[in-house]
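Colleague: Sequence:
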Amino acid sequence: MDFLKLARERYSVRKFTSEAVESEKLDAVLEAGRLAPTACNNQPQRILVLDTAEALDKLKDCTPCHFSAPLALIVCYDDTVSWKRPYDDKDMGEVDASIVTTHMMLEAAALGLGTTWVGHFDPQKVRSAFALPENVIPVAILPMGYPHETSVPKAWRAPSAFGDDAPRHLLNSPLLHGGVLHSQRPPP
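Take any residue in the sequence shown, count from 1 to its spot, add 62: that is its number in my numbering.
Honestly, the hints are just simulated from the structure, not real lab data. Among the hints, a few may not be true.
Keeping only pairs whose Cα atoms sit at most 27 Å apart, straight-line, the calculated DSSO-like set for lysine-lysine is [as the list claims (entries may be wrong)]:
| id | residue 1 | residue 2 |
| --- | --- | --- |
| 1 | LYS77 | LYS67 |
| 2 | LYS120 | LYS67 |
| 3 | LYS122 | LYS187 |
| 4 | LYS122 | LYS146 |
| 5 | LYS152 | LYS122 |
| 6 | LYS77 | LYS122 |
| 7 | LYS120 | LYS87 |
| 8 | LYS67 | LYS187 |
| 9 | LYS87 | LYS146 |
| 10 | LYS146 | LYS77 |
| 11 | LYS77 | LYS216 |
| 12 | LYS87 | LYS77 |
Using C-beta positions, here's what the derived DEER-type ranges look like [claimed, not checked]:
| id | residue 1 | residue 2 | range |
| --- | --- | --- | --- |
| 13 | TYR73 | ALA117 | 22 to 32 Å |
| 14 | ASP150 | GLY174 | 40 to 50 Å |
| 15 | PRO148 | GLY174 | 22 to 32 Å |
| 16 | LYS216 | ASP151 | 33 to 43 Å |
| 17 | PHE65 | ASP151 | 33 to 43 Å |
| 18 | ASP153 | LYS216 | 30 to 40 Å |
| 19 | THR114 | GLU86 | 11 to 21 Å |
| 20 | HIS182 | GLU116 | 18 to 28 Å |
| 21 | HIS182 | ASP153 | 37 to 47 Å |
| 22 | CYS102 | THR164 | 32 to 42 Å |
| 23 | ASP151 | THR212 | 39 to 49 Å |
| 24 | ASP113 | GLU196 | 37 to 47 Å |
| 25 | LEU92 | PRO215 | 19 to 29 Å |
| 26 | THR212 | ASP150 | 17 to 27 Å |
Each residue gets a CB set at the ideal place from its N, CA and C atoms; glycine is no exception.
Could you put together the complete structure from these sequences and hints?
Modeller: Below, the structure is given as structure tokens:
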């Protein structure tokens, strides 16, 4: 599958079958996360695999957005390993964990699995439920499994960044053209 086709067809799945995810597919998804680029290649990502009934029950206490998936990943970063920008000490761990999450979502879609990125969770409950040390920061929860037959993508997607069908509020901006920020607006 070419990348743009994959990107167009992937959607946030919020209803899953109870079918277990095969270990080979889970391994491939985790490998995609391992191969994801990170700042200075520090690889601060730490990924918890929740694949038991007990772990998934704990997750339900941390977020309403578990979608009864048969598997979930909690994507974290270790702030003792993540690169800090020297000019302002910005910790790039959250960016790194986000890149890792995106790579894993795309690999899952390529394998016929569904995911959704969940940011709606209580980080302290996650930390407590899964005994995370203070230096491991949860960024995203990724419920994963086979999409239920009634699971369908939302019809709306943002317009093409390069087309003339951008929402009016974007076209009226002096710096935005077709959803793309420019230092000066290009000629029509």
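Colleague: Each of the hints needs a verdict: does it hold here or not?
Modeller: Hints, one by one, checked against the model:
1. LYS77 x LYS67: 22 Å, holds
2. LYS120 x LYS67: It is violated: about 36 Å lies between the C-alpha atoms, which goes past 27 Å.
3. LYS122 x LYS187: Roughly 10 Å between the alpha carbons, so the hint for LYS122 and LYS187 holds.
4. LYS122 x LYS146: Status violated; Cα separation ~33 Å.
5. LYS152 x LYS122: Cα-Cα ~32 Å, so violated.
6. LYS77 x LYS122: Cα-Cα ~15 Å, so holds.
7. LYS120 x LYS87: 24 Å, holds
8. LYS67 x LYS187: Judged against 27 Å, a Cα distance of about 37 Å means the pair is violated.
9. LYS87 x LYS146: Judged against 27 Å, a Cα distance of about 33 Å means the pair is violated.
10. LYS146 x LYS77: 38 Å, violated
11. LYS77 x LYS216: Holds, at about 13 Å.
12. LYS87 x LYS77: At roughly 19 Å apart (the allowed maximum being 27 Å), LYS77 and LYS87 satisfy the hint.
13. TYR73 x ALA117: 22 to 32 Å: 26 Å, holds
14. ASP150 x GLY174: 40 to 50 Å: 42 Å, holds
15. PRO148 x GLY174: 22 to 32 Å: 43 Å, violated
16. LYS216 x ASP151: 33 to 43 Å: 38 Å, holds
17. PHE65 x ASP151: 33 to 43 Å: Because 34 Å falls inside the window, the suggested range holds.
18. ASP153 x LYS216: 30 to 40 Å: Since ASP153 and LYS216 have Cβ atoms about 33 Å apart, the given range 30 to 40 Å holds.
19. THR114 x GLU86: 11 to 21 Å: 19 Å, holds
20. HIS182 x GLU116: 18 to 28 Å: 22 Å, holds
21. HIS182 x ASP153: 37 to 47 Å: 22 Å, violated
22. CYS102 x THR164: 32 to 42 Å: At 19 Å between Cβs, range violated.
23. ASP151 x THR212: 39 to 49 Å: 47 Å, holds
24. ASP113 x GLU196: 37 to 47 Å: 25 Å, violated
25. LEU92 x PRO215: 19 to 29 Å: Hint holds: Cβ distance 25 Å, inside 19 to 29 Å.
26. THR212 x ASP150: 17 to 27 Å: 47 Å, violated
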